[in-house]
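Here is what each chain is made of, one letter per residue.
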Amino acid sequence: MSQFIAGYLPLFDLYLLHLGLAFSQYIVLRAGVFSLATAAFAGIGAYTAGIFAVNLGLHPVLGLAAGTLTGMGAALFLSIPLARLRGVYQAIATVAFIQIVVSLNIYSESLTGGAMGLNAIPKTVGTGVLLIAAVAATYLVWSIEKGRLGRAFDAIRQDEAVAASLGISITWHQALAFAISGALAGLFGGLEAYHSYALDPNQFGFHLLITVLSYVILGGRNSVAGPLIGTAILIILPELARPLAENRLIIYGIMLIVVINYLPKGIADTAIDTIRARRLKRREAAA
Amino acid sequence: MTMLRLSKLSKYFGGVVASQDVDIDVPAGQITGLIGPNGAGKTTIVNMITGMLPVTDGTIHIGDTDITHAPAHTISRAGLARTFQNIRLLSEASVIDNVMIGFHRHETSSTIAALLGLPSAARETMDIQQRAMALLQRFDMADLAEYPAGGLSYGHQRKVEMMRALASEPDFILLDEPIAGMNDVESEGLAEIFRGFAADGKGVLLIEHNVRFVAKLCSKVYVLDGGRLISEGTPDHVLNDQAVITAYLGG
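Chains as they are written, first to last, in my numbering: chain A, 1 to 287; chain B, 288 to 538.
It is worth saying that the hints were derived from the structure and are not from the lab.
Model, not experiment: these values are computed from the prediction.
A virtual CB, placed ideally from N, CA and C, is assigned to each residue, including glycine.
Some hints here could point you the wrong way.
Stated by the list, open to error - Residues of chain B placed beyond 10 Å of chain A at every Cβ, according to the derived structure:
1. 341
2. 351
3. 512
Stated by the list, open to error - Examples of chain B residues toward chain A, derived with CB under 7 Å:
4. 363
5. 391
6. 394
Construct the entire structure; sequences and hints are all you get.
Right, dumping it as structure tokens:
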């Protein structure tokens, strides 16, 4: 039994790491910002944490704090020009931002190790720390969703004019969503750095963007269960179909097309809607 | 007495005059009408008051507060709520969520408390939920609380929009063509609600197409044509004004 668990522990670690990134992506979409910059913030957080440990020899807690803060800082900085854009233009701008971060990590060789990556990072983060971080992130997103911020995010996402007419500041709330997204991505990027010995600049590129976005689209964009379920499915699936694991991206692509066509709200949100509709119908029948 | 006051309000799009030197007073506790044929500039006025369109010239005050150049989201804090010409609900959200969002300007728990889900934020959410439920009961819609707002009938959607506007406890309410597309029974129901607003001491600015409806409800009516006020006064006076008849029927 313990051997079985040990065999799947790396997969569980990956789930926890990517769960944090999925929440980072989720929270901006929730607030009506079509930003895809999570991969870039994760890269910034990871490299900051890595440099803190390797070049400066500082304690991992400091490195994680620095990764979180730089991720958040970059997000806040990016939120200023993005506030002027909407929809697909935000997506394009953030994809460009990811490429810029990848390029900077490749070219500033003295600091980041360039294309060779940042190596020999001491491994200081295990499953326990990841679990704590993932639970904390889940709680954070859950409490946002329950409270006034979640209500404001929902209003902005669905109709900005209505939100403004009710006194909701769009700029402020979207900047806040960005800051949370950047902080989450920075933190989990930092955790990744301390968990995996080495960083490769291309690890935080377009591929990660697609992966993280798939978690949220597959799982659902409007409830905290969405990223939890989406990430689980897309991490476990290639393992179940191990012969196809090489073609992970093809599986992702097919699943996304199927989900977008048949469950446009994602698995969790569709399930929640169905349950709610059933409950209402039952109540109607009883009345 | 507090008043929503537009003075010498003007809007030019390049050389096109959308609104010129418009003076309107909306006193508290009364329903004031603003009518005019299509293209008269009614929506331009609404958009200027609500901060969606920058004002070219003139001022807008709520009481002593100048909101002429205030950003859209701060105008609600000055005590003004609005409804939209085409009903705009959060269609994915349930009815009660749609009403709860109206309380936004009265939510005072700190951002940190909201982020961390501290008891103060949770209490506030509970409190707002109860107040929203009370509103739903008042409007006889408590049974529909859990239903998605997008699936309701037109009349019910209007009511949800009214409740959302009321939730912010405004001093003034701007109603942009509220009875468009409604039959007489439905519009009479809404008329009762509007009279209730005025009886509560709120100032109501009713922007309408339907002259009969306006005449029935308003104590004072302004008539707009080509961006200018062409008449004002009691409904009787306005409806018999030759300039108004010409504007509506063509001369």
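Hints versus structure:
no.: 1; hint: 341; verdict: holds, 14 Å
no.: 2; hint: 351; verdict: holds, 19 Å
no.: 3; hint: 512; verdict: holds, 27 Å
no.: 4; hint: 363; verdict: holds, 3 Å
no.: 5; hint: 391; verdict: holds, 5 Å
no.: 6; hint: 394; verdict: holds, 4 Å
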